[in-house]
Amino acid sequence: MKLSVVNVTGNGVMVVAIEGRVDSSNAQRFERVLDAVADAGTRGMVLDLENLTYISSAALRVLLGLTKAQARKGGTLAVCTVPDSLRKVFEVSGFDQIIPVHDSQTEALAACSR
Amino acid sequence: MVVKPPYKILVVDDEPDLEPLMLQRMRRNIRRGQYTFVFARNGVQALDRLHAEDDIDMVVSDINMPEMDGLTLLQQIPKVDPNIRSIIVSAYGDMENIRTAMNRGAFDFVTKPIDFRDLRVTIDRTLQHLMEWREALASRDQLVALQNELSVASKMQQSILPTHFPESAHYQIFANMEPARSVGGDFFDVVSLENERIGMTVADVSDKGVPAALFMMSTRTLIKGAAIGSGGPGDVLREVNNLLYEDNETEMFVTVLYAEYNPDTGEFVYASGGHDPPLLVKPDGSSTNLPLTGGIALGLLPDLDYRQNSVFLEAGDTIVLYTDGVSEAMDSTEEQFGLERLRAAVAADPGGDAEAANEVVFDAVSEFVGDNPASDDITCLTFRRTGGG
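Chains as they are written, first to last, in my numbering: chain P, 1 to 114; chain S, 1001 to 1389.
These aren't lab readings, by the way, just hints derived from the structure by calculation.
Just so you know, not all the hints are guaranteed correct.
[As the list claims (entries may be wrong)] Anything over 10 angstroms on all C-beta distances counts as not near chain S; from chain P, calculated:
id: 1; residue: Lys2
id: 2; residue: Leu3
id: 3; residue: Gly12
id: 4; residue: Val16
id: 5; residue: Ser57
id: 6; residue: Gly65
id: 7; residue: Ala111
id: 8; residue: Ser113
[As the list claims (entries may be wrong)] EDC-like cross-link-like pairs, simulated, lysine to aspartate or glutamate; straight-line CA separation at most 20 angstroms:
id: 9; chain 1: P; residue 1: Lys68; chain 2: S; residue 2: Glu1334
id: 10; chain 1: P; residue 1: Lys88; chain 2: S; residue 2: Glu1246
id: 11; chain 1: P; residue 1: Lys68; chain 2: S; residue 2: Glu1246
id: 12; chain 1: P; residue 1: Lys73; chain 2: S; residue 2: Glu1251
Model, not experiment: these values are computed from the prediction.
Yeah, the Cβ is synthetic: ideal placement off N, Cα and C, and Gly gets one too.
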């Protein structure tokens, strides 16, 4: 798993690219890093999942925590460019009804900036 | 040096002048909050102090003393606390006593007349060792605690799985769960309902460890309670979701596929809470993924509605319920087992009973993953409508 902040917009929305696998073995680290990034960001976070190969339910739980944390400070968590194999995970679990899934970073940023 | 000062040092010497001398020569270290000193005049007094004060980190002891000498004291200290470190003060060149002291567990020694700079260096080195020792102990304890927790959770998980399945002239049912080495959160359950109807659950809790196992147990109990006297799978999931949400402060969730079969009508009704839909297998081996019902995993949001869907089973039709431990099982190249392989596996079922059919899935997954250790629990439930009504 590799996390990198790839973009910070003028209005403080952070774009974080996630690569590789997130499963129960590294979900805690995933949570710590994203929490730290969220603390630094003013409002809104976009996770670019284009190069994510696997996401476990433990990682989805982290995303849920982030979504709630963002909501508390008036921000939005969105994901974008989800590979087809993972899009299914979002659809089946119903997480796509909790976390907005966008086709592109631009679209996700626009949604977070509203 | 890793510091958690001040360190409490017990100085044991029958010479009354040592106490003011020590306090005077170590005053800078005391003032900086590095050390505090307490004193005893012989081994017996020293042991009394060690018993009375559990925060003493280290002992600096003379050898020759009345009532109990330093070498005897050394033997007694580990019985009070094996993690206290000792420095022995011996006469210069008294190698015999020094050797005895080291054999009895002294960490280091200094010689008389005491060179306080040397003593300070020796104390610091001893404390450094003590810190590292404690850190190692702490991480070992954490590891042991973690393993204990996982083994407790694993036992809780196993304890809720049914080991007997209802027998009926109308259907066969069998399920199994193969736990991953680090506990996952899968479980299954089978509930007998009114009028020979049967309820079945396959579920996956989002976490591992004892809290997840407790969440799993309450999910299973709530489903069982809701199933008895419910208006069907959609209602069951709706009710269980609300109950789980009520006291869920941990963002834990569970994906559930709950289904009921009515042998009078042959109707199989299911609802999904964020779980993979059932696979329907015809007697000729062809199979279809039944449509998703679109429900969200349970425990996340309150007041959700869960749609249900139904199919009518014909004699010989088989329903396979599974967790993502099956579909996402990986081989050494990180390729996933996937639905197509699952469908191929069930198509190749030689046509034994539900238990044998269920075993076919586990065999196929196991053959596929080879030596790659399972990262998630693998659960599969097979339900087959047999001949007759």
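Check: Was Lys2 (chain P) rightly flagged as not at the interface, with every chain S Cβ beyond 10 angstroms?
Finding: holds, 16 angstroms
Check: Would Leu3 (chain P) pass as off the interface with chain S, using Cβ distances and a cut of 10 angstroms?
Finding: holds, 19 angstroms
Check: Since Gly65 (chain P) was said not to touch the interface, does its Cβ keep a gap of more than 10 angstroms from each Cβ of chain S?
Finding: violated, 5 angstroms
Notebook entry, point to check: Keeping to a limit of 20 angstroms between CA atoms, is the pair of Lys73 (chain P) and Glu1251 (chain S) held or broken?
Noted result: Status holds; Cα separation ~18 angstroms.
Notebook entry, point to check: Keeping to a limit of 20 angstroms between CA atoms, is the pair of Lys88 (chain P) and Glu1246 (chain S) held or broken?
Noted result: Answer violated: Lys88 (chain P) to Glu1246 (chain S) is near 28 angstroms, above 20 angstroms.
Next item on the list: Mind verifying the non-interface call on Ala111 (chain P)? Its CB should be farther than 10 angstroms from each CB in chain S.
Entry: holds, 20 angstroms
Margin query: For a C-alpha distance cap of 20 angstroms, please report whether Lys68 (chain P) and Glu1246 (chain S) respect it.
Written below: holds, 16 angstroms
Note to self: Please verify that the nearest CB of chain S lies beyond 10 angstroms from Ser57 (chain P)'s CB.
What the structure shows: violated, 4 angstroms
Notebook entry, point to check: Was Ser113 (chain P) rightly flagged as not at the interface, with every chain S Cβ beyond 10 angstroms?
Noted result: holds, 25 angstroms
Margin query: If I take the minimum Cβ distance from Gly12 (chain P) to any residue of chain S, is it greater than 10 angstroms?
Written below: Answer for Gly12 (chain P): holds, closest chain S Cβ roughly 24 angstroms.
Notebook entry, point to check: Should the label of Val16 (chain P) as a non-interface residue stand, given a Cβ cut-off of 10 angstroms to chain S?
Noted result: holds, 19 angstroms
Next item on the list: Verify the proposed pairing of Lys68 (chain P) with Glu1334 (chain S), using a straight-line Cα cut of 20 angstroms.
Entry: violated, 32 angstroms
The structure fails to meet hints 5, 6, 9, 10 from the earlier list, while all remaining hints are met.
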